[in-house]
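Visitor: Position chain B relative to chain A; hints supplied.
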Amino acid sequence: MSTDTPAELAQKALSIRRSIIAMLAHAQSGHTAGALGMADVFAVLYFAVANLDPRHPDKEDRDRILLSNGHICPVLYATLAEAGFFEKKDLYTLRQLDSRLQGHPHVGSLPGVENTSGPLGLGLSQACGLALAFQRDNKTNRVFCLMSDAELQEGQVWEALMFAGKYQLKQLTAVIDRNDIQISGSTNEVMSLEPLKQKLESFNWQVLEVEGHDFGQLIHAFHAASQTEYPTALICHTVPGKGVDFMENKFEWHGKAPTKEQAEQALAQLEQEPDD
Amino acid sequence: MTEKIKTTRDGFGRGLVEAAQKNQLIVGLNADLTDSTRMSAFAQQFPDRFVQVGVAEQNLAGVAAGFALAGKIPFAASYACFQPANCWGVIRTSIAYSNLNVKLVGGHAGLATGEDGATHQSLEDIALMRVLPNMTVIVPADGEEARKATLAAATHQGPVYLRTSKLETGVLTTPETPFDIGRAVLLRPGHTLTLVACGVMVARALQASARLEELGMSAAVLNMHTIKPLDIRALAMALERSPYLITLEDHQAAGGLGSAVAEYLSQQRKEFRLKIMAVKDTFGQSGQGNQLLDYYGLGVEQIIHTSQRVCAFNNCRSDSLNMLGLK
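Top line first, the protein sequences correspond to chains A and B. The numbering of the first sequence is the working numbering, which starts it at 1 and goes up by one. The numbering of the second sequence is the working numbering, which starts it at 1 and goes up by one.
Hints were generated in silico from the structure; no laboratory data involved. Among the clues, some could well be false.
[Claimed, not checked] Below, computed lysine-lysine pairings styled on BS3-like, alpha-carbon distance capped at 30 Å: (1) K139/A with K22/B; (2) K59/A with K228/B; (3) K228/B with K22/B; (4) K250/A with K197/A.
None of the values given here were measured: they were computed from a predicted structure.
For reference, chain B alone in the conformation it holds in the complex:
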């Protein structure tokens, strides 16, 4: 039994080495964050396939595009607050519009980054990457899933953005848990409502669901690890079970997972009630990752409270409608 992977960045590091062992075309590029993005094992094992670009994210993305033009499969990693934030225009034109086979890794994403503070807590990267045609956006929930996501990205043809984090998530998935790009995983069944989560928020959704069960509510947990393409079949099935959905993400509410789900739901005829739990148009600050998630409204207690409110509101409304003879 291999050692459990603690974080999504560690999962990426493990996955990259495995992918590189399988495929000679894989190269790794880094902008001087080789160790903290977990590319160092790859760099040590495959020194002739590793490229140090220096502190230059625009060139990182551009050189990665060049490697793809040469038929390679480049993985370019930095922190999400630098890539895509510092090089979005390069990614847009040189990679996404060109539809090149480049894999971009944004590490240290979200409030989960913790003590480094707001400058280093990327809360915009899902939005930045989701708006780009041709781009696939993956936000794995734990180390094992990040490992599988890296292997999947390596075999997927086309540009991919993989968002990783340094926060320890606990072990949520096993080597046997299926992983396919664009196919959400129902980690916990339930019929009262569905918690649709990605990244570090999946662990919190599972904890909230367990607590809700004690309170008599059955909350399904849908791990929406791929934000784009969004698994609309899984969402349709969730709506079959219950009209109540809560999305959970360590990202701005604008443009993230919740927005993607809302865009889908707005085109449906089914009744639904959606609550987006995300960072509300504010920057973060220094603190411990878990502490910050609680502070900005993404704690387990807040998920429980919101779940109760979402369902209670609707039950009340449904009762009132009954009383008025409208339902």
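Pulled out of the complex, with its shape left as it was, chain A reads as follows:
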């Protein structure tokens, strides 16, 4: 899975965004803003960075991509379907009875889903365990943990940050979606995280800040994360609801799905070439 030109990645991301809108509109519930905001990061990670094979989703030397803020799983499911882990038509079973696409991801239910999450703050500890297990076995698998910014309000995350710093889990990259919103408002109002970069650095992490919709910056940062002796936190500044003008930067779209009409409007906007 190597699609590394920015134009190709932009096409992947556009297709992922279209799937997100379509599946959420069909399900009539779910989280839209964060999922749209992370589509570019997911496209880069799955199509240009991680060692994965959708035909052999359990192959031993694969990199592990863990989603910690499970509520944005529409972007995970859409990306996995885009990559061929399962058929795109399955996306329309999201949140329905007996579906493999649970409202929050469940390990073992769906090829490509590597962990269970939903309650915030769980993923980084899981990622630490995986990364230390690989380190102890002299294996080179990378571990990526995708997280929200508000999730850093959970105490468990700081236990895990301390742990990764102590054990110098250089194979671990935490990808933090710094979109500045959470369910009841702006992250800085609900519980400020700043100075985030300094906090993370003081826990013995390498910290990189990137514009989360810039494919070149993202590819460069993921590469830089593989070249250090420390765990890396990648703070990705993203626009929640990215690509749909009436959703962008609106915290109200954190936890709701578009109506049929809104979905049609959104899909119309997502038909344009991304760089137009």
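Guide: The following block gives chain B in isolation, referenced to the frame of chain A:
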């Protein structure tokens, strides 16, 4: 002949080393209670398979889940009042719902913890773990059984909670006593009533049974070392012998062994009379472990008294029914 193991925590420590010698996949994680949970022998023998997590139980459970995702068999130990109490949500979602092969050890459980007082006497952990789907819950009675339970947990596929204690129990089982997860052991036969016990209360049940025999009552002792899955066959056999059952546990009455037995019995058509002997909706306090068990109604004398009352009540009732021509 190896030295007798005095406590269930020592049995766990011994069992973990044996299990680790057999299986390279076993790793041990601890939240800064390595010695008192008895993981230190393992840590010394297998330093590259030991992980110090620090005083961080949520991360302990989460990192253990990560090791299981990597194909390892992690044993994560702390005190029961910290694990599961401080990290139950992590255990629920990252381990039980994920059905990962993690073994959680809750040490220093129950009033048996003694002098440290109520903060450190976990009386809720059986309930907390029993409600989780996929979870197996084991409460061994003595050191030898804890050793075997650890070996069994290591080969069992799926999450396990092993509850250990620091109280010396005496030697109740031998290396030859069988141990299978989910299969209770009848340690002492009897036909008047059955004492269904787990953990440190098994020793007390045996003492009470011996005394009851002198008083002309034949009390069977069923060591229900696995609370989940509950051995319902053993309970059905107990009911065949006698309708009188007393459960015994160093835990709150709500949600523990007694509750599990009551849930089973409530679905049966057979007549029974059940008395749950457990801690009655109160916290403990400082004191010696054995002294506390007596103080909170779990002494040998109280077991004898309750046994007599349970059977007498029913004998009386049975006599009255006879007199009224109803039976």
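Visitor: Look at each hint and say if it fits the structure.
Guide: For each hint, the structure was consulted:
For the proposed pair K139/A and K22/B, the alpha carbon gap of about 23 Å is at most 30 Å, so the pair holds. The suggested pairing of K59/A with K228/B is violated, with an alpha-carbon distance near 34 Å, which exceeds 30 Å. With a C-alpha separation of about 26 Å, the suggested pairing of K228/B with K22/B holds against the 30 Å cut-off. Of the pairs offered as hints, the one joining K250/A and K197/A holds, with about 24 Å between alpha carbons and a cut-off of 30 Å not exceeded.
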